[in-house]
Amino acid sequence: MILRIALFLVALATPLRAEIAIQEVTSPGGIKAWLVEDHNIPFMALELRFRGGTSLDQPGKRGAINLMAATLEEGAGEMDAQGFAAARDGLAAKIGFGAGSDEISVSAQTLTENRDTTMGLLHLALTAPRFDQDAVERVKGQVLAGLRAEEQDPSAIAARLARARAYGDQPYGSSGDGTIEGVTSLTRDDVLAAWQGAMAQDRLYVAAAGDISAAELGLLLDKLLSDLPATGWPMPPKAALDEKPGVVVQAFPGPQSVVLFGHGGIGFDDPDFFAASLLNDILGGGRFSSRLMQEVREKRGLTYGIGTGLASRDLSAEWVGQFQASNDKVAEAIKVVRDEWARMASEGVTEQELATAKTYMTGAYPLRFDGNGPIASILVGMQMLGLSSDYPKTRNDKVNAVTMQDIRRVAARLLKPENLSFVVVGEPAGVVATE
Amino acid sequence: MRPSLVALALGLACAGPARAAEEVSTFTLKNGLELVVIEDHRAPVVTQMVWYRIGAADEAPGHSGIAHFFEHLMFQGTDDLAPGEFSATVEAQGGNDNAFTSWDYTAYFQRVAADRLDLMMQMEADRMRDLTLSEQDVATERQVIVEERGQRTDSDPGALLREQMGAAQYLNHPYGRPVIGWLHEITALSRDDALAFYRANYAPNNAIVVVAGDVTPDAALKLAETHYGPLEPSASITPRARPSEPPHLSERRIVLQDERVSEPYVVRSYLATERNPGDQRKAAALTLLAELLGGNPTTSVFARELQFNRGVATWSAAFYDGTSVDPATFGVYVMPVPDVALADAEAALDAVIDGFLKDGVDPEELARIKTQVRASTIYGRDNAEGLANMYGQALAVGLTVKDVQDWPDILQSVTEEEIMAAATEVFDKRRAVTGWLQTPAPVKEAKE
Numbered sequence: 001m002i003l004r005i006a007l008f009l010v011a012l013a014t015p016l017r018a019e020i021a022i023q024e025v026t027s028p029g030g031i032k033a034w035l036v037e038d039h040n041i042p043f044m045a046l047e048l049r050f051r052g053g054t055s056l057d058q059p060g061k062r063g064a065i066n067l068m069a070a071t072l073e074e075g076a077g078e079m080d081a082q083g084f085a086a087a088r089d090g091l092a093a094k095i096g097f098g099a100g101s102d103e104i105s106v107s108a109q110t111l112t113e114n115r116d117t118t119m120g121l122l123h124l125a126l127t128a129p130r131f132d133q134d135a136v137e138r139v140k141g142q143v144l145a146g147l148r149a150e151e152q153d154p155s156a157i158a159a160r161l162a163r164a165r166a167y168g169d170q171p172y173g174s175s176g177d178g179t180i181e182g183v184t185s186l187t188r189d190d191v192l193a194a195w196q197g198a199m200a201q202d203r204l205y206v207a208a209a210g211d212i213s214a215a216e217l218g219l220l221l222d223k224l225l226s227d228l229p230a231t232g233w234p235m236p237p238k239a240a241l242d243e244k245p246g247v248v249v250q251a252f253p254g255p256q257s258v259v260l261f262g263h264g265g266i267g268f269d270d271p272d273f274f275a276a277s278l279l280n281d282i283l284g285g286g287r288f289s290s291r292l293m294q295e296v297r298e299k300r301g302l303t304y305g306i307g308t309g310l311a312s313r314d315l316s317a318e319w320v321g322q323f324q325a326s327n328d329k330v331a332e333a334i335k336v337v338r339d340e341w342a343r344m345a346s347e348g349v350t351e352q353e354l355a356t357a358k359t360y361m362t363g364a365y366p367l368r369f370d371g372n373g374p375i376a377s378i379l380v381g382m383q384m385l386g387l388s389s390d391y392p393k394t395r396n397d398k399v400n401a402v403t404m405q406d407i408r409r410v411a412a413r414l415l416k417p418e419n420l421s422f423v424v425v426g427e428p429a430g431v432v433a434t435e
Numbered sequence: 001m002r003p004s005l006v007a008l009a010l011g012l013a014c015a016g017p018a019r020a021a022e023e024v025s026t027f028t029l030k031n032g033l034e035l036v037v038i039e040d041h042r043a044p045v046v047t048q049m050v051w052y053r054i055g056a057a058d059e060a061p062g063h064s065g066i067a068h069f070f071e072h073l074m075f076q077g078t079d080d081l082a083p084g085e086f087s088a089t090v091e092a093q094g095g096n097d098n099a100f101t102s103w104d105y106t107a108y109f110q111r112v113a114a115d116r117l118d119l120m121m122q123m124e125a126d127r128m129r130d131l132t133l134s135e136q137d138v139a140t141e142r143q144v145i146v147e148e149r150g151q152r153t154d155s156d157p158g159a160l161l162r163e164q165m166g167a168a169q170y171l172n173h174p175y176g177r178p179v180i181g182w183l184h185e186i187t188a189l190s191r192d193d194a195l196a197f198y199r200a201n202y203a204p205n206n207a208i209v210v211v212a213g214d215v216t217p218d219a220a221l222k223l224a225e226t227h228y229g230p231l232e233p234s235a236s237i238t239p240r241a242r243p244s245e246p247p248h249l250s251e252r253r254i255v256l257q258d259e260r261v262s263e264p265y266v267v268r269s270y271l272a273t274e275r276n277p278g279d280q281r282k283a284a285a286l287t288l289l290a291e292l293l294g295g296n297p298t299t300s301v302f303a304r305e306l307q308f309n310r311g312v313a314t315w316s317a318a319f320y321d322g323t324s325v326d327p328a329t330f331g332v333y334v335m336p337v338p339d340v341a342l343a344d345a346e347a348a349l350d351a352v353i354d355g356f357l358k359d360g361v362d363p364e365e366l367a368r369i370k371t372q373v374r375a376s377t378i379y380g381r382d383n384a385e386g387l388a389n390m391y392g393q394a395l396a397v398g399l400t401v402k403d404v405q406d407w408p409d410i411l412q413s414v415t416e417e418e419i420m421a422a423a424t425e426v427f428d429k430r431r432a433v434t435g436w437l438q439t440p441a442p443v444k445e446a447k448e
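Sequence lines, in order, name chains G and U. Here the first sequence stands for residues 1 to 435, where the numbers follow this note's numbering. Here the second sequence stands for residues 1 to 448, where the numbers follow this note's numbering.
Hints in this document: simulated from the structure, not taken from any laboratory. Ideal Cβ positions, reconstructed from N, Cα and C, are used throughout, including at glycine. Please note that the accuracy of each hint is not assured.
What the hints assert, rightly or not - Not everything, but these chain U residues come out facing chain G in the computed CB check (under 7 Å):
1. Arg42
2. Gly94
3. Glu147
4. Thr153
5. Ser155
6. Arg162
7. Ala200
8. Ser262
What the hints assert, rightly or not - Sample of chain U residues at the chain G side, in silico, Cβ under 7 Å:
9. Ala43
10. Ala92
11. Glu148
12. Gln372
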């Protein structure tokens, strides 16, 4: 299979508009949600997000929020882990919990015929999780197995190294999964505290799509969510990015090296964000025709795939990229990346490239709204970005409004080849480390 | 039968269209090309998939990897398109495209706004017969494949173990070859090899086109007839007859040691029956068996016994996919907790399998699995691409649309007795390969 790189969920877009009717719903109890009603298929997708995520881990407790999220489905109320799983599966419901650096996510899908029972089950998991000692220990064992595997995984090693270099002791400086030593020492009390601190109503975002009306959704949300604590831990401060230009190499056996590279980026709320998005798309976004894919893969055969993305997160923004290459090709590939970065910084892009990127971004956008699950997920993400519910109608106009002058200005502002930091994990030949 | 005025007007021989719960229509063009249309009008999006009945198991000896290599080359130029222009055109329309190769098929797909289907079909039809390849394009793409193998196989001890186990599982059948190919054979593949492979296998009578999304069957048929209809069928397409397996008389064991391994595990594959046209009950029983034993990470037999009761495993699983032309495999897996040795983990796994063969099926767990199977036909309608994939894969391995549509009902009707009979038959170690993935034993001598 030919690699398709989807590094980050950067908003992409056709001459088509996203014809999507978003309703803003407020429950009788005051909980706000967005809804796309569609009664074609008798099921509903519900997405909840709690802002903060693993960046809310308390000092000395790194990994607690991740462990908590992974243990939420391991029993609630009168049901132990197996009882909860049996009840969920007997309803053919899907309930998933995840922890990211900026949010805890809860994804649920339920058949219409089982909606009330399924939501009752989810309510228990959110408000009365058991965190039984044996369940905590079992899940901890699974997290630890993953952490040990990461120590032997060059991609994970590179990611850890890059994070630590860029952010040091700040939340983004380490993996939200924690360390082997740290997770080993976590207790059930730490898990309980993480649950109370990270899953409160003051950081909650809600979206639903599918077979449910606005009135039904309002009643459902009150039952589901009004028992959550009103407030939780304070949000972490913005992170300071330490760019550390240069090349660092960490030895690891194998035929190839993993290379991560990047420097500072741009926030989603910056007026230049769409110009930067178009630049990124042309430089190394998810297309085969991006400059880096053409120069590094198609013309020179140095890699199977290379991509870049705007990692615009809550606490910091970076412009990052990655590739894997045989050890004897890494040096050449790094040189090509530097050259392309510099070329775009000084010359910008051609009118043809900009036109093509616009057609792609505007064309791809409506294609994302294709199903209840994806729609609920996009809607909750839009709320977290602070967008209004008519955004899908205006978004492509913002992309199309970017001019060649904008592109040149933003390329010069953001692309800094001299600031690029390369993290190489492998046994590369001819790569000179600068530290 | 629904009238197909367009087809009749063009003088086509049309089979069908057959109709199903998920709005599926099928047609066969005069040149042998099959067309499947799955309607989903909720969003103005369409996916086209072109499936060729050619895969790694159809490669000539010594040419392992050519089916996959050729998949990459299909993105080079044609008499009408420059190299790379295919994907660039899809992308310029705001769409995405890609391709994948397996032992039994090679498939290409594009996802675009529904009004771009015409262009997508035009381009796929163009490269079905009119590909052009330069020596330089072939040489560079071969380098990309070497990098792909380095990234996906040689950098991953688990992938290396799977490759070794596959080779040991099949004594004679070409499923024992890795899809990506053996490195020494990949590097020897030439432009002439690629062109010969193309001419022999890429033709309308070896292709299935699946269109899913916001399109009507009549409109899709009309477009297909316009673009694919004029293509000449190939006379060299014959039914797939591959070397078959002799009786398996002896258990095989593989130990792969790699310093990059952190979590050792045991995995075993057993030769197992596949789905066959009009004959899917045994495969359905094996599908449910895999779910019962190791599908659910909390309530399956393996999870309960190995993870919860005995506490010897961090993870466990069972897996089976019978959608293949020839016999498939049934897999079991256990990753022990840190202080349990692989031999003990394997012994525990065997004890649990023996216990299951004695105790039989837990009826409540089976009922929950069947409930989920029923629900999956509802959830599945939310994903037109998933449906396209399901139909395309099944048709590419020789199943029919009816087989696909019968499958959920067959799963519902499989009895406990059938599951136990399937288990008794499949769990024969003489037809199995057991693999251990572990770190090398510490070396006693000091290094020079």
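Which numbered hints fail: Of the numbered hints given earlier, those the structure breaks are 4, 6 and 7, listed in rising order.
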